[in-house]
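Here's the letter readout for the chains.
Number of protein chains: 2
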Amino acid sequence: MGGARESPRDSGETRHAKDEGYQAQTKTGGPRIQEGQYRRGLQDVERGEKGTRRTARPEQACRGEARRAGGRLTRPCARGDGDICAALRRPERSARRGCAVSENGRVAEHFADRLISAVLARGAPCAVALDPVYSSLPAELTSRVGKTAPVAAELSAILEFSRRVLRVIVSHVPVVKINSAYFERYHADGVSALDELIAEARRLGLLVLADVKRGDVGHTAEMYADACLGWAKGGEVFQTADAVTISGYFGRDGAAPFIESAKRSGKGVFVLVRTSNPSAAHIQDVQALDGRKVHEIVAAQVAQWADADDAIGKCGYSLVGAVVATRNAADARRLREIMPRSIFLVPGYGAQGGRPEDFQPYFCRSGGGALVVAGRSVIFAHSAPAYRDESGNSWEECVERACRDFVADICRVAV
Amino acid sequence: MGGARESPRDSGETRHAKDEGYQAQTKTGGPRIQEGQYRRGLQDVERGEKGTRRTARPEQACRGEARRAGGRLTRPCARGDGDICAALRRPERSARRGCAVSENGRVAEHFADRLISAVLARGAPCAVALDPVYSSLPAELTSRVGKTAPVAAELSAILEFSRRVLRVIVSHVPVVKINSAYFERYHADGVSALDELIAEARRLGLLVLADVKRGDVGHTAEMYADACLGWAKGGEVFQTADAVTISGYFGRDGAAPFIESAKRSGKGVFVLVRTSNPSAAHIQDVQALDGRKVHEIVAAQVAQWADADDAIGKCGYSLVGAVVATRNAADARRLREIMPRSIFLVPGYGAQGGRPEDFQPYFCRSGGGALVVAGRSVIFAHSAPAYRDESGNSWEECVERACRDFVADICRVAV
Numbered sequence: 000m001g002g003a004r005e006s007p008r009d010s011g012e013t014r015h016a017k018d019e020g021y022q023a024q025t026k027t028g029g030p031r032i033q034e035g036q037y038r039r040g041l042q043d044v045e046r047g048e049k050g051t052r053r054t055a056r057p058e059q060a061c062r063g064e065a066r067r068a069g070g071r072l073t074r075p076c077a078r079g080d081g082d083i084c085a086a087l088r089r090p091e092r093s094a095r096r097g098c099a100v101s102e103n104g105r106v107a108e109h110f111a112d113r114l115i116s117a118v119l120a121r122g123a124p125c126a127v128a129l130d131p132v133y134s135s136l137p138a139e140l141t142s143r144v145g146k147t148a149p150v151a152a153e154l155s156a157i158l159e160f161s162r163r164v165l166r167v168i169v170s171h172v173p174v175v176k177i178n179s180a181y182f183e184r185y186h187a188d189g190v191s192a193l194d195e196l197i198a199e200a201r202r203l204g205l206l207v208l209a210d211v212k213r214g215d216v217g218h219t220a221e222m223y224a225d226a227c228l229g230w231a232k233g234g235e236v237f238q239t240a241d242a243v244t245i246s247g248y249f250g251r252d253g254a255a256p257f258i259e260s261a262k263r264s265g266k267g268v269f270v271l272v273r274t275s276n277p278s279a280a281h282i283q284d285v286q287a288l289d290g291r292k293v294h295e296i297v298a299a300q301v302a303q304w305a306d307a308d309d310a311i312g313k314c315g316y317s318l319v320g321a322v323v324a325t326r327n328a329a330d331a332r333r334l335r336e337i338m339p340r341s342i343f344l345v346p347g348y349g350a351q352g353g354r355p356e357d358f359q360p361y362f363c364r365s366g367g368g369a370l371v372v373a374g375r376s377v378i379f380a381h382s383a384p385a386y387r388d389e390s391g392n393s394w395e396e397c398v399e400r401a402c403r404d405f406v407a408d409i410c411r412v413a414v
Numbered sequence: 000m001g002g003a004r005e006s007p008r009d010s011g012e013t014r015h016a017k018d019e020g021y022q023a024q025t026k027t028g029g030p031r032i033q034e035g036q037y038r039r040g041l042q043d044v045e046r047g048e049k050g051t052r053r054t055a056r057p058e059q060a061c062r063g064e065a066r067r068a069g070g071r072l073t074r075p076c077a078r079g080d081g082d083i084c085a086a087l088r089r090p091e092r093s094a095r096r097g098c099a100v101s102e103n104g105r106v107a108e109h110f111a112d113r114l115i116s117a118v119l120a121r122g123a124p125c126a127v128a129l130d131p132v133y134s135s136l137p138a139e140l141t142s143r144v145g146k147t148a149p150v151a152a153e154l155s156a157i158l159e160f161s162r163r164v165l166r167v168i169v170s171h172v173p174v175v176k177i178n179s180a181y182f183e184r185y186h187a188d189g190v191s192a193l194d195e196l197i198a199e200a201r202r203l204g205l206l207v208l209a210d211v212k213r214g215d216v217g218h219t220a221e222m223y224a225d226a227c228l229g230w231a232k233g234g235e236v237f238q239t240a241d242a243v244t245i246s247g248y249f250g251r252d253g254a255a256p257f258i259e260s261a262k263r264s265g266k267g268v269f270v271l272v273r274t275s276n277p278s279a280a281h282i283q284d285v286q287a288l289d290g291r292k293v294h295e296i297v298a299a300q301v302a303q304w305a306d307a308d309d310a311i312g313k314c315g316y317s318l319v320g321a322v323v324a325t326r327n328a329a330d331a332r333r334l335r336e337i338m339p340r341s342i343f344l345v346p347g348y349g350a351q352g353g354r355p356e357d358f359q360p361y362f363c364r365s366g367g368g369a370l371v372v373a374g375r376s377v378i379f380a381h382s383a384p385a386y387r388d389e390s391g392n393s394w395e396e397c398v399e400r401a402c403r404d405f406v407a408d409i410c411r412v413a414v
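Line by line, the protein sequences are chains Y and G. For the first sequence, this note's numbering gives the first residue as 0, with consecutive numbering after it. For the second sequence, this note's numbering gives the first residue as 0, with consecutive numbering after it.
For reference, chain Y alone in the conformation it holds in the complex:
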């Protein structure tokens, strides 16, 4: 079980690149102007529209602006994260707020604060989904063993590919989202590889979202929370991700065990509110008697959990986020209103067909509050003619160029 655990002494605390480092040149030497623009945009917001510095805490500002009417917010949370940077520089004022004990027993920073810091440091509200499939890997990694590789060789190639992708994307995005399915397929060895990959990503300074979409209640949900968000016994600590995705279909009984675990360990939880697949509408968009769609009812519950005093970080956002991927801009705006405290995890960029402008409604007006995810269009960029022709034979260069284009696209619409 060695690969899965570590002693507290060796625990790989997540190290984020310092804010100053965000302008470092990329491996391929390309300009980082879009990321800079994103950052300057947030700084403009921080100074306020008329150049006067805000003093209200971000969550107070947000609460001050938002007026509830029949359970809904009548105005969006815009500017609610206006002084994020200032808030993050402030010393801790409350023992309850933004403070938790991490896997290794040290006090861990609040998840939302860590995430927002990382987004600002990289200048990119973006995550890469690392969902590796053997048959889609670059030929360089599979040609030695070929399509009929033994399963162990297949997994080994997947792990090598994944590690190298991490090393490319770490300069561009703050977060890697890993879907456990692609590793669970290989049973115990796959889970072992996933643990190694999570540890490596955190060592590199990436935040890791375990996209496991777990769903259960009570004791079973506690076990899943242990599995995904970490637990310790004696000197043994399980290395885990920084946040997890979960189902919202069970209501509070399904979410609470994950949220409580996250509060204790400085981790985050993203609840599935509206998924991007075509058939999602058949259940998630069903209209209830009170006029709301089912996903809005789930969203209202998420907002309640997210709004708990001990769930909100110094930045004003909550450790309870939401997976939101409607293709309907009006729905997206409504969800932004319903869940002003939640950071949205928004898949759909690139291979899933989402255009950059489709992602605008997910962001608060300050440019915060959402994390857009690109998957295949980045990690398998070697198979896209545009990148392959441009970069010659290096698949990693393709990944890097695709990643930069992705970040630039999102920064353009986020601010």
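These aren't lab readings, by the way, just hints derived from the structure by calculation. These figures come from a predicted structure and were not determined experimentally. Ideal Cβ placement from N, Cα and C applies to all residues, glycine included. Each hint should be verified, as a subset may be incorrect.
[Said to hold, decoys possible] Using C-beta positions, here's what the derived DEER-type ranges look like:
{"id": "1", "chain 1": "Y", "residue 1": "143", "chain 2": "G", "residue 2": "382", "range": "30 to 38 Å"}
{"id": "2", "chain 1": "Y", "residue 1": "163", "chain 2": "G", "residue 2": "142", "range": "45 to 53 Å"}
{"id": "3", "chain 1": "Y", "residue 1": "232", "chain 2": "G", "residue 2": "411", "range": "38 to 46 Å"}
{"id": "4", "chain 1": "G", "residue 1": "308", "chain 2": "Y", "residue 2": "217", "range": "33 to 41 Å"}
[What the hints assert, rightly or not] Covered, in the sense of this in silico footprint (three residues per stretch, anywhere, with C-beta under 8 Å from a C-beta of chain G), are these stretches of chain Y:
{"id": "5", "region": "136-150"}
{"id": "6", "region": "180-186"}
{"id": "7", "region": "217-224"}
{"id": "8", "region": "241-251"}
{"id": "9", "region": "277-288"}
{"id": "10", "region": "295-305"}
Got chain Y; can you put chain G on it based on the hints?
Coordinates of chain G only, in the frame set by chain Y:
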């Protein structure tokens, strides 16, 4: 990865106790009258109410009786499984129906036929949920290492306990339901232990339901289906469960990859329709504009998938089942009407507070169509004063007595 895989030659095909063996005396020598009654009840149904033998195929009988009105069935599927036994004895008439290729390349029997055969063989429409928690294990298994056992010793005790529970329950119930969370908590070693346990359960002749409640779409769902329902490459085959539980929140996109995988391999899929936890109502019982509750809308989708021609076995039931655990009898009856082809997996007996009579509405009038699950009340029976006092120090005897009581309770209400 050895523990997780096997060569096709060694593959442990599920072996069910022969029908003749169902009356074998139990380890503790107690009478099996309730199981016999359950079986005789089904035989009565098989002969028909007036003693005339039916000739219609069970699914035709069911279709003949059921009339759709506005998308709903106006009459329950009762008697739809009337000639199950006869149907199961018939040779295969259709290449498409009830025929699939199993993990080891042989033609596998249809999941619903295997399940119904196993239920009849044991005379019990019952499953035991094996969700082991170290702190609840019998002292005999933990006293050597105590509460502060190293994690490896904890997992080892859990595995020993689980194996011994399997050996006790195999004479009484046809199915063991294992929730992966309790093993995933131990990462790779836990997954390895789970694989061993699944293999052992199948060797003993139990059907295994992997209660993983996975939920995703597209390629990711295919990966989960591989992980849970098995896949093979070259000579390597992953040993997996006979059926899996999945989320229904994604609509068809989330279910289809699992259902297609199950069709190919003779496995089953149970879709979460209505869960038993108190807060489930906040989402699952929301009423839509057309008057239906959200869980009924999910149920209608399940019914559609279950009703596909290539999803139905010789017994008339589908490989697409449903997890149904409402505490509302009217809801249960309505769901039975909406999903006449689906076998219901019904948790809630015992520790969750369900009384035997609460489970009656889940069954078709013939006594088929549902599988009731007991968990803690059986596997941790050693901590219930009634069983401990009666059995002295043997925790396995407590498990056996609790299991027999559970089966007797359910057989009493099922027929």
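* Asked: Do three or more residues of the region 277-288 of chain Y come closer than 8 Å to chain G, measuring C-beta to C-beta?
  -> That given contact holds, which follows from 11 residues of the region 277-288 of chain Y lying within Cβ reach (below 8 Å) of chain G.
* Could one say that the CB atoms of residue 163 of chain Y and residue 142 of chain G fall in the range 45 to 53 Å? -> Holds, since residue 163 of chain Y and residue 142 of chain G (Cβ atoms, about 49 Å apart) stay within the stated range.
* With a C-beta cutoff of 8 Å, work out whether three or more residues of the region 217-224 of chain Y approach chain G closely enough for the coverage to hold. => It holds, with 6 qualifying residues against the three required.
* Are at least 3 residues of the region 136-150 of chain Y within less than 8 Å of chain G when you compare beta carbons? -> holds (count 3)
* Is the distance from the Cβ of residue 143 of chain Y to the Cβ of residue 382 of chain G consistent with 30 to 38 Å? -> With a Cβ separation near 55 Å, residue 143 of chain Y and residue 382 of chain G fall outside 30 to 38 Å, so the hint is violated.
* Asked: Quick one: are residue 232 of chain Y and residue 411 of chain G within 38 to 46 Å, going by C-beta?
  -> holds (43 Å)
* Asked: Okay, residue 308 of chain G versus residue 217 of chain Y on CB: inside 33 to 41 Å?
  -> Holds - the Cβ-Cβ distance for residue 308 of chain G and residue 217 of chain Y, about 38 Å, lies within 33 to 41 Å.
* Asked: Do at least three Cβ atoms from the region 180-186 of chain Y come closer than 8 Å to Cβ atoms of chain G?
  -> holds (count 6)
* **Coverage claim, chain G over the region 241-251 of chain Y, checked by counting residues with Cβ within 8 Å (three needed)** => Since three or more residues must qualify, the claim that chain G covers the region 241-251 of chain Y holds, with 6 doing so at under 8 Å.
* For the region 295-305 of chain Y, do at least 3 residues have a Cβ located nearer than 8 Å to some Cβ of chain G? -> Check passed, 3 qualifying residues.
Checked against the numbered hints listed earlier, the structure breaks hint 1 alone; every other hint is satisfied.
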